[in-house]
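Here the structure of chain A is known, so what remains is to put chains B, C and D in place on it, guided by the hints.
4 protein chains.
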Amino acid sequence: MKYDQAVYLVAGGDQRQVHLADLLAVRHTVYAIGFSDDIVFSERVGRLRSPEELPQPADIIVLPVPALASTRTVNTPLYSHALLLERVLECAAEGGLVLGGKTDAVLEKKCSRYGLRCIDYMEREELAVLNAVPTAEGTVQIAMQELPTVLFGQKCLITGFGRIAKVLTHHLLALGMDVTVAARKYSDLAWITVYGAKKELTSRMGEQIDKYDLIINTVPAKLFDHRILSRVHKGCLMIDLASKPGGIDFDAARELGVNTIWALSLPGKVAPISAGQIICDTIHNILTEMEG
Amino acid sequence: MKYDQAVYLVAGGDQRQVHLADLLAVRHTVYAIGFSDDIVFSERVGRLRSPEELPQPADIIVLPVPALASTRTVNTPLYSHALLLERVLECAAEGGLVLGGKTDAVLEKKCSRYGLRCIDYMEREELAVLNAVPTAEGTVQIAMQELPTVLFGQKCLITGFGRIAKVLTHHLLALGMDVTVAARKYSDLAWITVYGAKKELTSRMGEQIDKYDLIINTVPAKLFDHRILSRVHKGCLMIDLASKPGGIDFDAARELGVNTIWALSLPGKVAPISAGQIICDTIHNILTEMEG
Amino acid sequence: MKYDQAVYLVAGGDQRQVHLADLLAVRHTVYAIGFSDDIVFSERVGRLRSPEELPQPADIIVLPVPALASTRTVNTPLYSHALLLERVLECAAEGGLVLGGKTDAVLEKKCSRYGLRCIDYMEREELAVLNAVPTAEGTVQIAMQELPTVLFGQKCLITGFGRIAKVLTHHLLALGMDVTVAARKYSDLAWITVYGAKKELTSRMGEQIDKYDLIINTVPAKLFDHRILSRVHKGCLMIDLASKPGGIDFDAARELGVNTIWALSLPGKVAPISAGQIICDTIHNILTEMEG
Amino acid sequence: MKYDQAVYLVAGGDQRQVHLADLLAVRHTVYAIGFSDDIVFSERVGRLRSPEELPQPADIIVLPVPALASTRTVNTPLYSHALLLERVLECAAEGGLVLGGKTDAVLEKKCSRYGLRCIDYMEREELAVLNAVPTAEGTVQIAMQELPTVLFGQKCLITGFGRIAKVLTHHLLALGMDVTVAARKYSDLAWITVYGAKKELTSRMGEQIDKYDLIINTVPAKLFDHRILSRVHKGCLMIDLASKPGGIDFDAARELGVNTIWALSLPGKVAPISAGQIICDTIHNILTEMEG
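Chains as they are written, first to last, in this note's numbering: chain A, 1 to 292; chain B, 1 to 292; chain C, 1 to 292; chain D, 1 to 292.
Check before you lean on any hint, since a few could be wrong.
Because identical chains share one entry, a pair is satisfied inside a single copy or across any pair of copies.
What the hints assert, rightly or not - No more than 27 Å apart at the CA atoms, straight line, and that leaves these computed lysine-lysine pairs for DSS-like:
| hint | residue 1 | residue 2 |
| --- | --- | --- |
| 1 | Lys-109 | Lys-269 |
| 2 | Lys-102 | Lys-2 |
| 3 | Lys-199 | Lys-2 |
| 4 | Lys-199 | Lys-155 |
| 5 | Lys-222 | Lys-244 |
| 6 | Lys-269 | Lys-222 |
| 7 | Lys-269 | Lys-211 |
| 8 | Lys-2 | Lys-222 |
| 9 | Lys-211 | Lys-2 |
| 10 | Lys-109 | Lys-199 |
| 11 | Lys-110 | Lys-185 |
| 12 | Lys-198 | Lys-155 |
| 13 | Lys-185 | Lys-2 |
| 14 | Lys-185 | Lys-244 |
| 15 | Lys-199 | Lys-185 |
| 16 | Lys-199 | Lys-110 |
| 17 | Lys-155 | Lys-222 |
| 18 | Lys-222 | Lys-109 |
If you're looking for bench data, these hints aren't it; they were derived computationally from the structure.
Here chain A stands alone, though its shape is the one from the complex (with noise of 0.2 Å):
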């Protein structure tokens, strides 16, 4: 089919959703449920109280970051009302398209009884490589409110060079820090070593860990335990960015007296309007794609 043409509804989430509505209405006719009445959309947005209300079949549904709530509902934080996904679903046009982020199983499954298409924007890897400048950026904006001295001039150690860690070096040497990076393969330490940061292998990291200023961690894995964060020095500021556990032993900090910070999903909080766009931009990718 031919997406310039489609009937857009975008179903809950936050102000990146909000955001995102407002781009897709430069060019398309977009819908909105889910958001409570005091949330500004633009007025090429059609503002929608029911489902009911909708007055065209929709041919894409737009599902947040996360796209549920719970197995029944969509995630609505800017709502006080639930919001039933099969409700949503129910606008969906023949064949239509339900695109959302970090989609699970009972969505997918829920979908396809419906006949309609599931994809997770957010397993794209372009909107991965994208998100990484907001979360660096966030990065980069909790250090500097956190740290007493200027970033210039003082020492930090990434762990992992995936694609935030590259971001980040790049923001933080250019902002005149000193950069560590460890890593575990050659190829990353090559990396490492071209970004104009200096390299340490993940394995020796810990024998000079006292000199850092500020600690970023990227990997999910846990490198910081009780052992390593004795050693690390008071006024040292860490930073954790891997999800789920987290690769700080955060009880062993606390005890130790470590300022540490786990910050999560930053792209929504310090930028949404960018994360807005970047989810923007990759959906136009993906329909794109579908025309291809």
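Below, chains B, C and D alone, put in the same frame as chain A:
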């Protein structure tokens, strides 16, 4: 004289002076006065409750920024009592030195009455250059906190191309902003180009003022009057770094609903430890020059 | 085994291998064969005129890039005689190791006949990453030499966004160029944006091909045919870094008077000492991994 | 007067002036004299064989850099005949303007005799700033050509921190060099730090002079005498950018076998088109100022 063996008295000030005292105490004999008991110094700093407690005359008296709270008292924001300037000057050794920030005629006159030489460390060029770093970082921090977008890819206008503007231009370009700098002199416009930013004559910056997401003023002149402010776009953030009258008509901005922040004296606020370090380095330079 | 005490035989090659032998000899026992008498090595390297002169079996035989000149001879550009592969392999200790660049089935077969393990160091990811630096610098050097303008402010198109393109993009942006990168994958386009360059779909790069002053191809596919070359502007310089068939129709370019340079194997040409260092580091990694 | 309608006569010079004539001719009436027939200009430039061929008086006469070859002749490196200064000045309209590079008392006196105002565009600050870019790029090019290593990771010393040194520091840091800058003033040392380089007092730079792989002098004073040159390491490359006597004792360097290059007037040599553009922009600024 040989300043290596000098006795220092740090009198009054904020966290910058606390850190300055700690740094000086690494290699010198240092006493501190004009701070509440709950303010923490390193063990090497001798804490005084009153000038009488000073066990030996001070070769160098270090006053804060600004040096005085009134014509008769030292500036002591971390102290609940008044600290009389004369009592402090009486602590000086014969031919001693008084180092202060933003000293004035009153202070200089009193110093000369006591036969003391008075030097304003805030007038040193190297301090102004180094202070541009915490000022620029503080400005970046404010912009990151206030804007609902990433800085990356957004459009920024900086007015003026002095020290702070130079460091800001570098930082914002490094973070991926689209930076335009407005200046009046052709040589400044040449430097702006060489720095990699876009250049604009100050007289013509109004023409496209509506395209910027962030405007940072560094010029101590009313560049932003009602007429130009009325054309700034709604989501734009304006940060004024210019002292005294500032460069923005804040009344007009309020009336027009333009988001403005007047950010003064950032080094002491966002990075007191670095600001103390910079003062320490500058004092070291002053003394090295005097030793010849 | 412990490779710290290993005996090395560096057989054939260009200045890279000369420097590699010198570097290895800082900590190991190293012999060299297949170099003219006027080639200067450090004093620690044992020069051999013939394989028979080797006083002890070699644990590690290091061959050049490419390893062979023919199916029977080692590649010896700095030697006026032929160096027979079999004579070299006979120098190996039992269970020895043969390290070469761009090894092939012929070499591997012969090694296995002698019970020797053969490893191609040019296939190591970290070597490819580190070699991107001399390749990028060499490309910058060529562009500076050939263009009658500064790079600063000129428009450059890079095709592809692999390792070399990434380092080139960084370097050329840092030197003030206006860089566009053409790629096909959305994730590459995202990275291009994050690197700070402009992005373009490869399929659409022809549309504005006339605006570039410098075009650098890194894609091993004929992207630049007669049609597209005919629209490149007269003063434009084209550098092709792609191996084998190259990415430019050189006949068409010649006919059209487009200034093209096919720059292959830059590391060994523009920075042999660095290239030797990179091979040395990579061999160190290979041996460390084998020691476990 | 209105310089938009001015008639220009470009008299003598090298490729810079050729390109300058081409650029001026885009919007103005331009004649050129003092170039061989095989030198190619754009079609819009009126070629003259002798001053008599000029169809109308020239409002602006543009002389090259330096302006004169002798007290009586214009500097015409691309012309096999002599071009007499008086013949050129006779072409000027009443009250006309003579713009030249490195003009001297002789030229100024002659101009005033003809009632012409003489301005030296090489003395403009913005030209000096913009020329720092081709000078820095030319220096990078030389270093890349001469060194058998990449610049990346190598150690560089720059002496002085004027315009050229500032741009060089930025470029070399961006290319991954380990850059130290030696200066005398504390404010320069502060700027060096802010630029991200290591700082060193000029008086102490000799102490570790043996660690540098590349030394670039920008100071017009004999900083590098026999004593200090004798400690420079064998593989080090020295580039002297200082005019007149230069900063290196070249006799001593030759005797000691130190590899030195005295690189003067780089803009016209490595990037004549850019150098012509810079002169064109500067002339535009001069005329804009005169129009008030």
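Tested hints:
For the identical chains of this complex, Lys-109 and Lys-269 are neighbours neither inside a copy (30 Å) nor across copies (54 Å), given an alpha-carbon limit of 27 Å. In this homomeric assembly, Lys-102 and Lys-2 come within 27 Å of each other (Cα to Cα) only inside a single copy, at 26 Å, whereas the closest approach across copies is 49 Å. With identical chains, the CA atoms of Lys-199 and Lys-2 are at most 27 Å apart between copies only, with a shortest distance of 25 Å across copies and 49 Å within one. In this assembly of identical chains, Lys-199 and Lys-155 lie within 27 Å of each other by CA distance both inside one copy and across copies; the values are 13 Å within and 18 Å between.
Taking CA atoms no more than 27 Å apart as the test, Lys-222 paired with Lys-244 passes inside one copy only; the shortest distance there is 11 Å, against 46 Å between copies. With identical chains, the CA atoms of Lys-269 and Lys-222 are at most 27 Å apart within one copy only, with a shortest distance of 25 Å there and 35 Å across copies. Taking the shortest Cα distances, Lys-269 and Lys-211 sit within 27 Å of each other only across copies (25 Å), while inside one copy they are farther apart (31 Å). For the identical chains of this complex, Lys-2 and Lys-222 are neighbours neither inside a copy (47 Å) nor across copies (32 Å), given an alpha-carbon limit of 27 Å.
In the homo-oligomer, the alpha carbons of Lys-211 and Lys-2 never lie at most 27 Å apart, since the shortest distance is 58 Å inside one protomer and 33 Å across protomers. When the C-alpha separation of Lys-109 and Lys-199 is checked against a cutoff of 27 Å, the pair qualifies neither within a copy, at 46 Å, nor between copies, at 38 Å. For the identical chains of this complex, Lys-110 and Lys-185 are neighbours neither inside a copy (41 Å) nor across copies (31 Å), given an alpha-carbon limit of 27 Å. Taking the closest pair of Cα atoms, Lys-198 and Lys-155 come within 27 Å of each other both inside a single copy (11 Å) and across two copies (15 Å).
In the homo-oligomer, the alpha carbons of Lys-185 and Lys-2 lie at most 27 Å apart only across protomers (22 Å), although the nearest pairing inside one protomer, at 45 Å, exceeds that limit. Taking identical chains as interchangeable, the C-alpha atoms of Lys-185 and Lys-244 lie at most 27 Å apart only when both belong to the same chain, with a minimum of 23 Å there against 30 Å between chains. Taking identical chains as interchangeable, the C-alpha atoms of Lys-199 and Lys-185 lie at most 27 Å apart only when both belong to the same chain, with a minimum of 11 Å there against 30 Å between chains. Neither within a single protomer nor between protomers do Lys-199 and Lys-110 lie at most 27 Å apart by alpha-carbon distance, with minima of 48 Å and 38 Å respectively.
Proximity of Lys-155 and Lys-222 under a CA criterion of 27 Å is satisfied intra-copy only: 22 Å inside one chain copy versus 38 Å between copies. In this assembly of identical chains, Lys-222 and Lys-109 lie within 27 Å of each other by CA distance neither inside one copy nor across copies; the values are 34 Å within and 45 Å between.
The earlier numbered hints that this structure contradicts are 1, 8, 9, 10, 11, 16 and 18.
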